[in-house]
Amino acid sequence: MSGGAHYLYGDDPVEINANRARTRLTVANTGDRAVQVGSHYHFFETNRALRFDREAAYGMRLDIPSGTAVRFEPGDTREVELCAFGGNGRLTGFAALVNGGLSAPDTRRDALRRAAELGFVQPESGTEKNEEERI
Numbered sequence: 010m011s012g013g014a015h016y017l018y019g020d021d022p023v024e025i026n027a028n029r030a031r032t033r034l035t036v037a038n039t040g041d042r043a044v045q046v047g048s049h050y051h052f053f054e055t056n057r058a059l060r061f062d063r064e065a066a067y068g069m070r071l072d073i074p075s076g077t078a079v080r081f082e083p084g085d086t087r088e089v090e091l092c093a094f095g096g097n098g099r100l101t102g103f104a105a106l107v108n109g110g111l112s113a114p115d116t117r118r119d120a121l122r123r124a125a126e127l128g129f130v131q132p133e134s135g136t137e138k139n140e141e142e143r144i
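Under the working numbering, residues 10 to 144 are what the sequence shown spells out, in order.
The hints are all genuine.
Computed beta-carbon distance windows for the label pairs: (1) Arg-118 with Asp-20: 44 to 50 Å; (2) Asp-21 with Ala-125: 45 to 51 Å; (3) Arg-42 with Arg-118: 28 to 34 Å; (4) Ala-27 with Asn-97: 14 to 20 Å.
Hint data in this document are derived by calculation from the structure and do not stem from the laboratory.
Heads up, the beta-carbon is just placed ideally off N, CA and C, and yes, glycines get one too.
Construct the complete structure from the given sequences, taking the supplied hints into account.
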């Protein structure tokens with residue numbers, strides 16, 4: 010599913026996640042179990058076994074319809090499109106890597122540090138981020 014997908018509800022098309030910043034990442038499941046990620050989960054904080062550019066995923070979620078999910082089978086590698094969270098930009102919960110405002114520099118720095126300390130998989134430099142577009 011790519012950004013800007015249209016679904017018909019009634020007579021007028023509905024565009025999901027319009028006017029949101031987007032990025033496309035390659036994600037590999039390095040674990041031995043399937044990982045399923047829901048539409049509104051902070052992708053930066055997904056399962057440690059998923060290998061991708063976590064810094065590029067900061068403040069982003071899957072660009073898919075609400076209530077749906079993407080499943081990563083063990084050993085699979087796939088490309089996903091992410092879009093920026095809307096609202097007030099404050100995230101709490103998830104894997105407890107981010108508990109605060111997304112735009113605060115200290116929140117981002119602390120989240121990246123916690124991700125490294127807690128063993129979240131980090132990609133090799135420059136190999137996992139394919140493209141980024143701003144809408």
